[in-house]
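Asker: Letter by letter, the chains look like this.
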Amino acid sequence: MFYFHHITCISPQKTFADIDIENIKPPVENKLLVAEPVYDGIPLGILRRMGKAVRIGVGAALKIAKQNPNGVVIGTANGGMEDCIKFLNQIIEYDEGILTPTNFVQSTTNAVAAQIGLMSVNKGYNCTHVHRGLAFENAMTDVDMLLKENSSHSYLLGGVDEISAYNYNIELLGGWYKKEKIAGVDLYDQNSAGSIAGEGAAMFWASNNEQNAIAKLQAVRMFHSEDENLIADELKKFIEENYLEEESVLFFSGENGDSRLQKYYSASEEIINKDFTVARFKHVTGEYPSVSAMAVWLACYILKEQILPDHFLKYSSSKKDFSKILIYNNYKGIQHSFILISRK
Amino acid sequence: MSRIFVTGMGVISAAGNNVAANRNSLMQGKSGIASAEFLSTKYASILPFGEVKISTQALKEKLKAQDHGITRTSLLALHAFEEAIHNSGLTNAELNSFDTALIGADTVGGMCLTDELYHDANKHEQGSEYISSYDCGSVNMYLQSRFKIKGIINTINTACSSSANAIMYGARLIHHGFAKRSIVGGCDSLAKFTINGFNALHILSDEPCRPFDENRKGLNLGEGAAFLVLEKEEDVANKHVYAELTGYCNSNDAFHPSSLSENGDGPYLAMKGALEIANISADEIDFINAHGTGTENNDEVESKAIIRLFGKPPPFSSTKATTGHTLGAAGAIEAVYSILSIYNGEVYAGINFSNPIPNVGLVPVSKYQKMDLQHVMSNSFGFGGNCSSLIFSKA
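Just so you know, the sequences run in chain order A and B.
Everything in the first sequence is counted per our numbering, starting at 298 for the first residue and increasing by one.
Everything in the second sequence is counted per our numbering, starting at 961 for the first residue and increasing by one.
Don't read these hints as lab results, they were simulated from the structure.
What you were told as hints is all true, and nothing was included just to trick you.
Covered stretches of chain A (chain B as the covering partner; in silico rule of three or more C-beta atoms under 8 Å from a C-beta of chain B): (1) 373-382; (2) 405-416; (3) 518-527.
Where a beta carbon is used, it is the ideal one built from N, C-alpha and C, also for glycine.
In isolation and in its complexed conformation, chain A is listed as follows (with noise of 0.2 Å):
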């Protein structure tokens, strides 16, 4: 598919600046909210009405985008969703009354990536995929067919979704998040519905040049179902598709601690090599809709610099150094991917 080079990422953890992905910041009242940076490259007035999305988003991409990339490709579920829930106050508490439009135009899904050309003035492709769980993934699809018809571009490719009060809500009453207080890695042994919150935004400069590259995204598949059967046959014939039968490969789960999702991650598990060593990711980000634009980014991390810290580890296997990750997320039972990173 193609190459990744400049990576940012935005996040709970210190992934910014001085990254340390060795000692990790727990969850507060279940949730992981992102260490925002101070923001240099952005006006003051901008920033102050940007909300968190385009804040973190914009924040995490300025610098690729400075590179004058040929377009802008974000996967977000939600966008500002603090700003569209704002505004909806406004029309509530106003009774549809005089409302300043300022929320209602951060609000738009597409305001991260219209930002992004805004600011770097970018009039290349610019598109938001949306579609919940597998936004990043359709984002990461529509970069692989941008290179393949334009050899010689590059692409800022990101993903990002923030936690506002007003969707932690929404996601709380559907029963998404665990009312058990969760202090880390504990998050995968509790046998309960629910998750952790978490939010980010990861930022790639994607091209299909190999020279200087951090790493190389393989293989995306991704799909809908509810069958555990057919997530095992699926990630069988991904394997063999790949050729990974053979190779010590680093397989990143994206297990949540939800029991209700456990079945498709056993499933999963039962179908890689014994060679394979398993991770998991949550504890460290959290669920979001977009949260395999974090897992990219650490995987293309861990690839780059060979380190895995423990809290990561499910099971290992003995071969220690993998140069290939697969990672396996699934969202609410239903949209799953399967990515595949390798060092060059």
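Based on these hints, arrange chain B on the given structure of chain A.
Answerer: This is chain B only, laid out in the frame that chain A set:
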């Protein structure tokens, strides 16, 4: 590269509940814009709307869609989707196969239920039945589960150009071998959310909108849905073919979050790029279905961009005075209209027009007429500078 043919279409809008009814309204120059019957908003009696003339309950009954949490947006999508797949004759086996993609677009999703969302987002009590239906993705999640679609599924939101990008993405999936056929389109329903948003921006007209008119006062919001079935030339066999999708391009204006630049760089680049993909010159475009929302900003900038690219522009009109601006559905509905124009050799009037905008002087087609068309361009421009153009051609 394989040619991409349109083998099925479905549409529902204020201009009618199916393709034939929409064409009929367009031929007669009949507008669907009126005061709203079903919409609950303070503005229902103050502002005109392009409302689909069926209640949500009647849609549920007609479509046998009494599912828990289903929204009007999903119902409109289902209505147009069913018409499109029946029109194309897609079998269940084809719908369920791994190589059938569904690419939809919307900007409102379940937020048409503005009051329900307000309660669910702010309260800690029992959630409503719509708790999983507010986001844009909810529409295609519903279609996926109802029709057991297994191929690539995506939802795109680039504001008012969303469904043009869904059509483009679906076509590209076929070109790249990620899908054998794509069902592509978009939908949106009227919502307090968008009505108040556009109202706060002072771009809603209190009269039926007048695209490209000197005295235009803004846009009317509408609702609806449209889907197309796209297939490769070698796969269509004996199927009926309506048109070929030959060109598409997405460009960003990179100027302002909610208005277009003076010279319309985004619109210009989108139209120019679509010509390049179609490999035709500007003078080969026989007709433009313009974005033409009826706002001060859009119509003047779009006119300038058209003049910049075409010199002497081909005949054009905007059908937004017929349907209202249907946001995420607009690109797909107007794609259906562009295809109907090519297929039937006819163009539809831009109604409510009297005088051209002084400094650009463009006059849209003022009455229904027969016209032999080889290539038709359809424009969709949105907030965030998201501009896309499509070109449909005689197959």
